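Participant: Same order as they appear, the protein sequences are chains R and E.
Just so we're aligned, residue 1 is where the first sequence starts under full-length UniProt numbering, counting upward by one.
Just so we're aligned, residue 1 is where the second sequence starts under full-length UniProt numbering, counting upward by one.
Since the hints were made in silico from the structure, they are not lab data.
Here the structure is a predicted model, which is why all the values come from computation and not from measurement.
Accuracy of the hints is not assured; some may be wrong.
Each pair may be met inside one copy or between any two copies, as identical chains are not told apart.
To be verified - Below, a list of computed lysine-lysine pairs in the DSBU-like style, where the Cα atoms sit at most 35 Å apart:
id, residue 1, residue 2
1, 60, 452
2, 81, 449
3, 157, 89
4, 451, 54
5, 221, 154
6, 164, 449
2 protein chains.
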Amino acid sequence: MSLTNASPEEAARAAKISSRRLATLPNAARNAALEAVHDALSEARETILAANAKDLELAKQSAANGDLSSSILKRLDLGRKGKYDDMLKGIRDVQGLEDPVGRVDLRTELDDGLVLQRQSCPIGVLLIIFEARPEVIVNIASLAIKSANAAILKGGKESIESFKAISTVISKALEKTDVPNASIQLVTTRDAVDPLLELSQYVDLVIPRGSNELVRYCQRKAHMPVMGHADGLCSIYIHSDADKSMTSNVIVDSKCDYPAACNSLETLLVHEDVLESILPEVASALIAQGVTLRCDNQSRSVLSKHLSQDQTSHIQDAADADYDTEFLDLTLAIRTINSTPQNKADAVDAAIDHINTHGSHHTDGILTSSQEVADRFYNAVDSACKFWNCSTRFCDGMRFGFGTEVGISTNKVHARGPVGLEGLMIHEYRLSGNGQGAAMYGSGGRQFKHKKLPL
Amino acid sequence: MSLTNASPEEAARAAKISSRRLATLPNAARNAALEAVHDALSEARETILAANAKDLELAKQSAANGDLSSSILKRLDLGRKGKYDDMLKGIRDVQGLEDPVGRVDLRTELDDGLVLQRQSCPIGVLLIIFEARPEVIVNIASLAIKSANAAILKGGKESIESFKAISTVISKALEKTDVPNASIQLVTTRDAVDPLLELSQYVDLVIPRGSNELVRYCQRKAHMPVMGHADGLCSIYIHSDADKSMTSNVIVDSKCDYPAACNSLETLLVHEDVLESILPEVASALIAQGVTLRCDNQSRSVLSKHLSQDQTSHIQDAADADYDTEFLDLTLAIRTINSTPQNKADAVDAAIDHINTHGSHHTDGILTSSQEVADRFYNAVDSACKFWNCSTRFCDGMRFGFGTEVGISTNKVHARGPVGLEGLMIHEYRLSGNGQGAAMYGSGGRQFKHKKLPL
Chain R
1 MSLTNASPEE AARAAKISSR RLATLPNAAR NAALEAVHDA LSEARETILA ANAKDLELAK
61 QSAANGDLSS SILKRLDLGR KGKYDDMLKG IRDVQGLEDP VGRVDLRTEL DDGLVLQRQS
121 CPIGVLLIIF EARPEVIVNI ASLAIKSANA AILKGGKESI ESFKAISTVI SKALEKTDVP
181 NASIQLVTTR DAVDPLLELS QYVDLVIPRG SNELVRYCQR KAHMPVMGHA DGLCSIYIHS
241 DADKSMTSNV IVDSKCDYPA ACNSLETLLV HEDVLESILP EVASALIAQG VTLRCDNQSR
301 SVLSKHLSQD QTSHIQDAAD ADYDTEFLDL TLAIRTINST PQNKADAVDA AIDHINTHGS
361 HHTDGILTSS QEVADRFYNA VDSACKFWNC STRFCDGMRF GFGTEVGIST NKVHARGPVG
421 LEGLMIHEYR LSGNGQGAAM YGSGGRQFKH KKLPL
Chain E
1 MSLTNASPEE AARAAKISSR RLATLPNAAR NAALEAVHDA LSEARETILA ANAKDLELAK
61 QSAANGDLSS SILKRLDLGR KGKYDDMLKG IRDVQGLEDP VGRVDLRTEL DDGLVLQRQS
121 CPIGVLLIIF EARPEVIVNI ASLAIKSANA AILKGGKESI ESFKAISTVI SKALEKTDVP
181 NASIQLVTTR DAVDPLLELS QYVDLVIPRG SNELVRYCQR KAHMPVMGHA DGLCSIYIHS
241 DADKSMTSNV IVDSKCDYPA ACNSLETLLV HEDVLESILP EVASALIAQG VTLRCDNQSR
301 SVLSKHLSQD QTSHIQDAAD ADYDTEFLDL TLAIRTINST PQNKADAVDA AIDHINTHGS
361 HHTDGILTSS QEVADRFYNA VDSACKFWNC STRFCDGMRF GFGTEVGIST NKVHARGPVG
421 LEGLMIHEYR LSGNGQGAAM YGSGGRQFKH KKLPL
């Protein structure tokens with residue numbers, strides 16, 4: 001890794017050239033580089049924590065002046081118990097993953113001696129823009145090396161000293177390995193981002209990890225694909241036949257486990273039939289966790305009857321905009337879903353319509369005892385993740401068992417939902433023959449065999 | 001299919017809504033719609049050919065005025081022998097493909113009763129912009145219905161009467177099926193394209209099928225992903241150990257089988273050791289097919305010695321720009337690749353560097369007798385398709401055995417190389433539980449099982 005003072009164009013060009021060398025390295029060489037990085041970071045613990053302390057010092061001043069939130073301050077601290085070791089363990093975890101390069105998923109004999117093969121290969125050059133947490137740079141560098149992608153990293157200014165110290169250590173460690181130094185470059189100036197987002201001849205994919213604003217900015221400005229999600233407006237619909245015994249647990253977990261997360265609950269849809277039987281218990285449990293409820297008239301009037309005065313002080317009237325808002329906080333919008341007199345199942349469609357119209361196509365859930373209703377929901381909701389009878393918080397690469405997570409994507413192409421290492425890969429075709437030309441085939445000529453071969 | 005007079009926003013919104021309904025239809029319902037379209041087009045042959053004749057009449061006038069090339073004129077004619085039947089057969093072919101929707105490729109038991117499933121689903125709304133060939137509209141409508149994607153189609157103005165007639169027939173046929181009419185909409189005004197390219201809330205993917213200019217325009221303007229390729233600057237490198245007996249055949253086929261195709265050869269790289277032994281025969285064969293050779297000094301001076309005066313009249317000096325040019329015609333750039341004195345294998349790297357720098361990352365080939373050299377080429381060339389000892393013309397969805405072709409992509413994400421029906425699909429995650437929350441897991445709590453289940 002180099003801490004680059006090069007121009008954005010020079011840095012991107014160097015990354016592209018390195019990416020081709022990196023793509024040819026065997027897994028053993030990439031793992032050896034990860035080993036070297038791990039050991040070097042382990043040895044340099046004191047130096048890096050000293051640099052981190054400088055970032056923290058400045059951040060504390062900013063926090064005292066009210067320019068920085070205490071949650072960001074907390075995330076900056078690499079010296080917190082277990083954090084540095086977790087960072088080191090993360091390198092080992094990535095090292096231990098199966099090699100994602102060169103996985104063959106198609107082999108076809110087009111004709112005698114003409115064999116086609118499709119296999120996974122790295123994308124090329126990634127531009128990864130992230131915010132303050134200093135350990136993310138190590139995580140991303142590890143993922144890039146493992147997946148044989150070059151990466152240009154741009155981190156938030158709050159961690160600048162930590163980033164510089166870490167990148168110096170990684171750079172020195174890589175020098176003794178086969179991974180070219182320019183494969184991982186740290187860019188520290190904010191004004192490098194705009195030019196990099198235009199260099200589509202060198203940068204193949206942008207991965208912004210941070211605020212909605214950051215993601216939207218990249219989506220608007222980038223001349224290459226952007227992977228990620230801007231919003232996480234997740235909803236759960238409680239159907240008329242929901243199992244009351246699980247409802248409060250699922251809703252409270254979805255909302256309160258980590259309210260600032262993209263997979264936390266923002267809108268609760270409740271079938272009219274369970275306003276009386278289920279919603280009061282759910283509302284009590286949420287209010288006990290400090291949640292403010294923004295309710296439509298129907299749900300509010302039911303709750304007013306069932307809850308104490310102290311509890312109802314946590315209930316407000318919902319405005320239309322609340323159903324389009326990702327609160328990222330202890331606020332929840334609640335809306336009643338009515339059946340038509342003719343058909344109770346219409347309510348499922350109304351809930352689906354609400355979610356497809358107001359949601360962000362990230363993660364949405366249903367609580368129902370019916371497989372048929374769940375299938376209707378599964379098939380018609382246009383979201384990356386659709387959950388039945390469980391918390392939206394399970395939408396996560398680690399929880400899904402992917403070993404590591406590049407991010408969560410709401411894109412409709414390439415990778416969608418929690419993205420593991422395979423989201424950093426693409427495929428290539430290799431065809432080997434013994435002199436065949438295409439003109440030999442077709443009417444009157446040879447016919448293709450298209451015989452599937454074992455992988 | 002409706003021939004839409006709606007505003008671009010209304011059309012796109014209607015497509016989005018239809019796409020959700022379409023996504024829930026079983027394969028049988030989509031196949032029944034294809035059947036209906038097939039039968040209706042079969043019945044309406046005379047009406048459609050009459051409309052096509054009007055397009056042809058106008059086109060002939062344009063061609064006579066020099067405003068339209070004769071090759072476009074030829075492509076417009078739906079009445080040519082076998083063409084209409086081929087178009088109908090294309091619908092049946094697509095109908096017969098395996099259902100691309102709902103293919104499960106991952107099942108994991110996260111914990112007791114908490115089961116994750118990943119499965120294929122349609123992307124949503126496709127915007128497909130294409131040029132004159134009238135049968136393409138039928139091909140694309142078939143692919144969209146089969147893959148359960150809604151599609152907005154914009155065809156070239158030269159085929160406007162044919163498109164209108166075809167879309168009227170398809171629209172009427174779909175009315176009797178479960179496929180919503182707004183699933184397939186034909187837009188006829190050129191000025192609808194720019195607004196559509198901005199409607200990323202409704203349109204999920206743009207597929208331009210046509211000239212480099214059209215593709216570049218879409219890449220520049222679209223607010224959503226664009227799949228395709230602008231350039232097809234394909235190269236072949238003849239290494240020092242190439243098998244002479246196959247060389248002329250492969251090179252002539254690559255260049256001459258269809259010079260206007262994106263997978264035809266544009267640059268020939270020749271190792272210095274075979275300038276005398278192989279190049280003259282290759283050059284003679286190319287010149288016999290009417291190819292003009294743009295040569296560097298080294299190759300030109302060898303050819304001057306070996307070819308007749310008549311032949312050498314087809315040889316010109318190459319300018320630097322020729323190695324960056326997609327001629328799409330009977331012109332070929334030739335460049336000599338030299339070994340360094342120390343290491344003959346360095347020439348392979350020089351050829352690879354040339355291809356990675358000057359090529360378009362579409363399809364590139366090598367002629368060599370060595371598996372080791374071929375592997376070096378395979379691993380280091382940054383192209384969607386890498387071919388060894390065969391013609392670049394094999395880069396094609398039909399030839400690859402994909403049954404149908406959406407196009408050829410040089411993108412580094414989603415789909416790369418010839419794209420079959422699977423390029424119109426993305427995946428979704430479905431998680432079913434019985435009341436689990438995420439807070440139950442982690443240190444001190446339950447541990448995930450992450451048990452792989454059979455598909």
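Participant: Each hint needs a verdict: does it hold in this structure or not?
Facilitator: Here is what the structure says about each hint:
1. Neither within a single protomer nor between protomers do residue 60 and residue 452 lie at most 35 Å apart by alpha-carbon distance, with minima of 62 Å and 46 Å respectively.
2. In this assembly of identical chains, residue 81 and residue 449 lie within 35 Å of each other by CA distance solely across copies; the values are 27 Å between and 62 Å within a copy.
3. Proximity of residue 157 and residue 89 under a CA criterion of 35 Å is satisfied intra-copy only: 25 Å inside one chain copy versus 61 Å between copies.
4. Taking the shortest alpha-carbon separations for residue 451 and residue 54, neither the intra-copy value of 63 Å nor the inter-copy value of 44 Å comes in at or below 35 Å.
5. With identical chains, the CA atoms of residue 221 and residue 154 are at most 35 Å apart both within one copy (16 Å) and between copies (26 Å).
6. In this homomeric assembly, residue 164 and residue 449 never come within 35 Å of each other (Cα to Cα): the closest approach is 57 Å inside a single copy and 38 Å across copies.
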